[in-house]
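Engineer: First to last, the sequence lines map onto chains A and B. Start counting the first sequence at 926; every next residue gets the next number (the working numbering). Start counting the second sequence at 926; every next residue gets the next number (the working numbering).
Don't read these hints as lab results, they were simulated from the structure. Hints should not be assumed to be uniformly reliable.
Since the list gives no way to pick one copy over another, a pair counts as held whenever it fits inside one copy or between any two copies.
[Stated by the list, open to error] With a straight-line cut-off of 25 Å between C-alpha atoms, the simulated DSS-like cross-links for lysine-lysine are:
1. Lys1226 - Lys1257
2. Lys979 - Lys1097
3. Lys1226 - Lys1290
4. Lys936 - Lys1097
5. Lys936 - Lys1051
6. Lys1051 - Lys1097
7. Lys1097 - Lys1008
2 protein chains.
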Amino acid sequence: MNNFFFCTPTKYVFGRDVENEAGQRIIDEGGTKALIVIGGGSVVRSGLLDRVTKSLEKAGIAHCLLSGIQPNPVDTKVYEGIKMARAERCDFILAVGGGSVIDTAKAIAAGVPYDGDFWDFFMGRKVERAVPVGVVLTIPAAGSEGSGNTVITRLDGLHKISIRSPYALRPKFALMNPELTYTLPFSQTSAGVADMMSHIFERYFTNTTGVEITDRICEGALKAIITEALKIKANPTDYDARANIMWSGTVAHNGICGVGREEDWASHGLEHELSAVYGVTHGAGLAVIFPAWMTFMAERKPARGAQLARRVFDIDDDDDRSAAIKGIERLKAFYREMELPTNLAELGIPDADIDLLVEKVHENKGTPFGSYVPLYPDDSRRIYETAKGV
Amino acid sequence: MNNFFFCTPTKYVFGRDVENEAGQRIIDEGGTKALIVIGGGSVVRSGLLDRVTKSLEKAGIAHCLLSGIQPNPVDTKVYEGIKMARAERCDFILAVGGGSVIDTAKAIAAGVPYDGDFWDFFMGRKVERAVPVGVVLTIPAAGSEGSGNTVITRLDGLHKISIRSPYALRPKFALMNPELTYTLPFSQTSAGVADMMSHIFERYFTNTTGVEITDRICEGALKAIITEALKIKANPTDYDARANIMWSGTVAHNGICGVGREEDWASHGLEHELSAVYGVTHGAGLAVIFPAWMTFMAERKPARGAQLARRVFDIDDDDDRSAAIKGIERLKAFYREMELPTNLAELGIPDADIDLLVEKVHENKGTPFGSYVPLYPDDSRRIYETAKGV
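Could you put the whole structure together from the sequences, leaning on the hints where they help?
Structural biologist: Spelled out as structure tokens, the structure:
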């Protein structure tokens, strides 16, 4: 087990109607005026934005609105938000939405008190201070409500880059009402499931040995996600299943699944290029990339894939390589049951420009990247080729 | 799943040599003078206290010392600590030890800024503010380094009572070096293992349904603890095994194993009387009480015990009652392998005064107490009788 620092200071407030606490929670954090960040019209149409602003008004919190955040959020909306927050003198950012909205809110939060260009933080500058961020979560997937990370795409050049801040960017609170997810299209629920599973996989495939407690938490969370996701497919308004999936998304990414070991994150790098170049949904892209990456690893270093197969998918096979392959088949079968794509064509990219993808991913991530088996351009190419499927 | 609030703001700093960060960490929390709280002489003899005070001196943190905290810590040491902290104007309490030392430090922390008798907090008064507490952990067991709880025994009348504070009493940081536990006597390691397992059991036996993610985390942690504890028995200086057990003790009690559901805690009530009346080690007492409590539950409400048996001990039996009983046998076999007592005689109490125990537990906990099956005096009596074994 490696040395580690672990702290999850976010206050998770979970259950029915908790969005109505937004105003009081902002007061508790010392806020007086909030920039509310939202995506498209669904939070308006559902009445959620109305309930949240009522809660703020009841608490005497002034507010202004930045709307129109899209999936794979872009730098231009961050600049817009920074300008608005400064002009309106907002001392709190409230994200009402899923990962893209929260990531945008965090980037704005880092940019507001910084004199330079916020993109500096994505180029390696450390975030020293930020405007506090709170979250009303509507899409369980990214785990951004409990992490210090944010991923933003720079439109000029299609660079999709993340910053990982252990402390400054973690939301102060996350209000999590599973009922808000009842009306998500099934494709969005299932992409979220693939996203949270991938957050666990990135931490599970490691060269660090002797971290049994973290392994078991990862394996248990994966088992729970698979069971509960299928319940949602059967009944989209199954409260407990929605609640389990929502909380699993947080557990998958708040750090508990990674303590004490090196993490990989190569698959996120490979997927980010698909999202940046082709605009695919991040979770759906991961459902395609991860089985391909795992297939590559089953040849090169099968041990972790074999343990995953045995402990999560109950594969009974003593040979590591063959066990790992069977596990991948089970994972793909689950993804298909969740109506997720498992190859590039199903993802809507029948003729992927693999040269461009390989070039971009190494430009953004360096050479090699990833840690379980560090990837060179030939490796990345092989994984993208495998992702084409048959 | 029930609504819940979850927050673990403690900064866990984990790995070799982290005790040397004590001084800097106190500065980061705004402290200038620390009351160091320790147990017996082992932290002196091992040189640990010396390393910690050197770290404080290097950081310019003045300090004074309260020593002599015993297992099942008592109110008199808390009064002594409050007096000392006030006289010396300490603005930080640093616990260097295990659960008893940390619990004493927390009770002092609550008492110092309070005008009345600190025991009021154990009688139900809410802790509004407290002096900040930090921890250098030497015994992984109680999980007190990551919880807001403290349990203190009032010598006058043998009342052993806990306070549970969701926020004010959580340590600011916990410095966790697994190497510090190499020299623990095996009996203390194994009592710690029984203690942390019991923290999971108290949360696992619940009437709340639909909390699969929390179930899986509990089951995974139990599996990890069993595997790693046996490795320590084989090799007390197995770093990774010590590290897994140390972190498992935190996971078991920082709340993640309980989110979204009612918890039980009847067994802790039953055990606390054994510790208060007979002075037995808390963890060893739990190794005796829990199988007896589970046996009672196998008759009255076997479902959760059956799931535990199937998922943690791989029992293949479709009948809930019979599966639960087989699970209890497996648990006891593990405890015996860890050289723990599994009945009152082995615990050193061949002629337990069961009338007194039943009277005391209901005096302290009320009637009924516990939630999975609320216990009345006849039930408590039956569990204590079962704990006698055969």
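Engineer: For each hint given before, does the structure comply? Return the numbers of the non-compliant ones in rising order.
Structural biologist: Those not satisfied: there are none.
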